Amino acid sequence: EDQVTQSPEALRLQEGESSSLNCSYTVSGLRGLFWYRQDPGKGPEFLFTLYSAGEEKEKERLKATLTKKESFLHITAPKPEDSATYLCAVLWFNNDMRFGAGTRLTVKP
Amino acid sequence: DTAVSQTPKYLVTQMGNDKSIKCEQNLGHDTMYWYKQDSKKFLKIMFSYNNKELIINETVPNRFSPKSPDKAHLNLHINSLELGDSAVYFCASSQDRGNRRRSFGPGTRLLVL
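Top line first, the protein sequences correspond to chains A and B.
With the working numbering, the residue at position 24 of the first sequence is 24, and numbering never jumps.
With the working numbering, the residue at position 112 of the second sequence is 112, and numbering never jumps.
No wet-lab data here; the hints were simulated from the structure.
Remember, predicted model here, so these are calculated numbers, not experimental data.
The calculated SDA-like cross-link candidates involving lysine to any residue, where the alpha carbons are at most 20 Å apart (straight line), are:
#1 LYS41(B) to PRO8(A)
#2 LYS42(A) to LYS22(B)
#3 LYS44(B) to LEU83(B)
#4 LYS40(B) to ARG37(A)
#5 LYS67(B) to ASP96(A)
#6 LYS9(B) to GLU45(A)
#7 LYS42(A) to PRO106(B)
#8 LYS44(B) to GLU45(A)
#9 LYS69(A) to GLY29(A)
Using the sequences provided together with the hints, build the complete structure.
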């Protein structure tokens with residue numbers, strides 16, 4: 001069954017401690033992989049779109065990479081304001097976007 | 001300059017009631033969506049409209065009925081509310097129905113008592 005799985009469910013980092021979030025997918029024929037950030041009580045906010053294996057996108061302390069089976073969101077030297085839930089989503093064959101359950105990131109000062 | 005707006009932000013109601021959630025986007029997008037985010041934080045598509053035409057209708061109880069009076073608005077009407085309908089409902093829009101990013105509204109937190 002096509003699905004999107006994110007790990008870990010929760011991640012606690014010290015400020016400045018770099019790490020990576022994982023999104024693995026089993027959909028055949030990827031049409032696009034998206035990363036969103038969601039703050040408590042708010043809607044998801046778009047971060048990146050990746051379309052093909054080997055592609056990378058960067059924005060401030062975040063870098064997203066894509067392989068044929070998974071995507072990583074690398075966070076370099078995170079700050080407390082990076083604390084949020086990070087959602088991965090895959091564009092399905094019918095243009096539906098299927099989301100993972102998210103990784104809840106907490107960065108302690 | 002809000003891109004996607006929803007009203008109300010919070011909705012507390014009794015079982016069996018009928019309620020509506022309104023959504024408007026000022027981005028000039030052609031496609032609008034309703035998503036449901038449950039207590040486990042999964043975001044699931046409910047409906048998708050492209051230029052006022054329904055194009056995605058997932059397995060959602062027919063108590064839920066979307067209505068798109070024009071391509072800038074997509075409202076969600078829910079009949080005979082049940083406890084399990086409690087969730088956060090997000091409206092979203094995209095430039096077209098293709099591989100475009102979705103812009104999400106702030107969400108409507110529905111609590112059915």
